[in-house]
Amino acid sequence: MFVLFSCLVATALITPLALKTFSPYLWMDLLYCRNLLSIFLTYVWRRRRRPLFLVLDRFLEQAAAHPNKTLVVFEKQRYTYTDADRISSKTANALRAQPGYKAGDTVALFMGNEPAFMFTWLALTKLGSPVSFLNHNIRSKSLLHCFQCCKATVLIAASGLGLTPRKLFLPQSLREKCAVINGSNWWCWHNPVQSPHNLADAESSLQCHDTMIT
Amino acid sequence: MTVKTWAIAFIRQKSAYILNCKRYFDVFLISELKDAVEDVLPYLVEQGITVLLMNEHCDTPGIESFSDKVELAADSPPPQSLRSNVTLKSPAVYIYTSGTTGNAAAAQTAVLTPWFVLAVTCFIAGLPKAAVVNQNRLLTVLAVMSSYGVTADDVVYLNLPLYHTAGFFIGFIGSIETGEVMLNVHLILDRTIKTRR
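Line by line, the protein sequences are chains A and B.
For reference, each letter of the first sequence is one residue, going 0 to 213 in numbering that gives the first Met the number 0.
For reference, each letter of the second sequence is one residue, going 0 to 196 in numbering that gives the first Met the number 0.
Pulled out of the complex, with its shape left as it was, chain A reads as follows (with noise of 0.2 angstroms):
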């Protein structure tokens, strides 16, 4: 009895000091499982809710749950789950007083990043609309190849994308050799004006710079 007694002790004491020598990391193993379990029981919990629990709920519960959160960030300014919720809700009326479109329509979204990408996708999903995200970097063929194969009714575009020389992070090297051409106007970093050897053809483009644009 004693030395079952001193054993089970004995055993007791080992055990912690066995696992933080040969697997320091069981603990933290053992509850992250727990997380994933609970995220894979969330998951099918809510493919069985009806009404059909979608992306677009969640973020409704979250707004509901939080109304004044930051959602985004986007330069200077910020946007709250309400400010989401309401501007999203806003496009979805006025989507829905467009003529030419109907709720379930799919509509393409030709736009950069910004707030309003994520907005007007809100706002189709709410309306029940399939969306197609057309790459912003594809023009002619490709842009119109994009819109063909997702048989959308609806093209939403934004006008530019915003970019000025603050708003891209360059380094100095590289800032020499880029230009931004931004409709009607263009700037650069470095004015090729000034280099001397190349004056009589940076006239010239700066020419026909001016023809192509007005």
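Hints listed in this document are in silico derivations from the structure and should not be mistaken for laboratory results.
The model shown is predicted, which means the values in this text are computed figures rather than measured ones.
A portion of the hints provided could be inaccurate.
Here are the simulated lysine-lysine pairs, DSBU-like style, with alpha carbons at most 30 angstroms apart [claimed, not checked]:
| hint | chain 1 | residue 1 | chain 2 | residue 2 |
| --- | --- | --- | --- | --- |
| 1 | A | K150 | A | K140 |
| 2 | A | K150 | A | K89 |
| 3 | A | K150 | B | K88 |
| 4 | A | K68 | B | K128 |
| 5 | A | K101 | A | K140 |
| 6 | B | K88 | B | K128 |
| 7 | B | K88 | A | K75 |
| 8 | B | K68 | A | K75 |
| 9 | B | K33 | B | K128 |
| 10 | B | K33 | A | K140 |
| 11 | B | K128 | A | K140 |
| 12 | B | K68 | A | K150 |
| 13 | A | K68 | B | K68 |
| 14 | A | K19 | B | K88 |
| 15 | A | K19 | B | K68 |
| 16 | B | K68 | B | K33 |
| 17 | B | K33 | A | K68 |
| 18 | B | K128 | A | K101 |
| 19 | A | K75 | A | K89 |
| 20 | A | K89 | B | K68 |
| 21 | A | K101 | A | K89 |
| 22 | A | K101 | B | K33 |
| 23 | A | K19 | A | K89 |
| 24 | A | K68 | A | K89 |
| 25 | B | K33 | A | K75 |
| 26 | A | K19 | B | K33 |
Pair by pair, the computed Cβ-Cβ distance ranges are [what the hints assert, rightly or not]:
| hint | chain 1 | residue 1 | chain 2 | residue 2 | range |
| --- | --- | --- | --- | --- | --- |
| 27 | A | N67 | B | P60 | 37 to 45 angstroms |
| 28 | A | T105 | B | T96 | 29 to 37 angstroms |
| 29 | A | Y24 | B | L71 | 27 to 35 angstroms |
| 30 | A | Y31 | B | N135 | 24 to 32 angstroms |
| 31 | B | A165 | A | H65 | 23 to 31 angstroms |
| 32 | A | V43 | B | T96 | 24 to 32 angstroms |
| 33 | B | D67 | A | F39 | 42 to 50 angstroms |
By construction, the Cβ of each residue, glycine as well, lies at the ideal position given by its N, Cα and C atoms.
Mind docking chain B on chain A? Use the hints.
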């Protein structure tokens, strides 16, 4: 000094100008999407497509301004009945491959591929291909960010394009699930440029 030109995006109308200036600049960033839409506008008008521009006013016939309508619209949530026909299998999002992937793959396998196969793939490759993501997949995506241990106190810095899988799914959908703040920035190009040069 030889100057390599890498044009990130070409607008057909301005390509002559760009070609003229390419000796001064290595990189051109063209940030006007309206021009790109105007380029394909005749086809869109022909098919009766509604084109909306996120702007207060727009002079181009065939393109309607949309921001002013959004400003005037009511902010009441649209009725749930509008999305009553959405199921778990209905398409939620169409996401496109970059289009260059087809070309790169064709270039890599060009040694092994017979010429007639290559001739066919030349027509197919190069144009972006759509991937359809249904609502069920989107629901799965909700779990991604939280399974990495991201919590509501975190801030996610997103400089990936939102039109692509990683940027939209992990960045935006993930941040809806975990409730973290998303810091959205314009595309930062320096790393891409460095690897290309």
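Assess, step by step, whether the Cα of K128/B is no farther than 30 angstroms from the Cα of K101/A, and give holds or violated.
-> At roughly 26 angstroms apart (the allowed maximum being 30 angstroms), K101/A and K128/B satisfy the hint.
Is the straight-line distance between the alpha-carbon of K33/B and that of K128/B 30 angstroms or less?
-> Since the Cα atoms of K33/B and K128/B sit roughly 23 angstroms apart, the hinted pair holds (cutoff 30 angstroms).
Are K33/B and K75/A close enough, with their CA atoms no more than 30 angstroms apart?
-> Since the Cα atoms of K33/B and K75/A sit roughly 25 angstroms apart, the hinted pair holds (cutoff 30 angstroms).
K68/B and K150/A: Cα distance at most 30 angstroms?
-> Holds, at roughly 25 angstroms.
Pair hint K101/A and K140/A, alpha-carbon separation not exceeding 30 angstroms | 27 angstroms, holds
For the pair supplied as a hint, K33/B and K68/A, is the alpha-carbon distance within the 30 angstroms limit?
-> Violated: K33/B and K68/A sit about 34 angstroms apart, past 30 angstroms.
Does the structure keep K19/A and K33/B at a Cα separation of 30 angstroms or less?
-> 62 angstroms, violated
Given the proposed pairing of K19/A with K68/B, does the C-alpha separation stay at or below 30 angstroms?
-> Violated: K19/A and K68/B sit about 64 angstroms apart, past 30 angstroms.
Given a hinted range of 37 to 45 angstroms, is it respected by the beta-carbon distance of N67/A and P60/B?
-> Between N67/A and P60/B, where Cβ atoms are some 43 angstroms apart, the hint holds.
Given the hinted pair K68/B and K75/A, is their alpha-carbon gap at most 30 angstroms?
-> Within the cut-off at roughly 24 angstroms; holds.
Measure nothing beyond the straight line between the CA atoms of K75/A and K89/A; if it is 30 angstroms or shorter, mark the hint as holding.
-> 22 angstroms, holds
30 angstroms Cα cutoff - pair K68/A, K128/B = It is violated: about 37 angstroms lies between the C-alpha atoms, which goes past 30 angstroms.
Violated hints, in rising order: 4, 7, 14, 15, 17, 23, 26, 28 and 29; the structure is consistent with all others.
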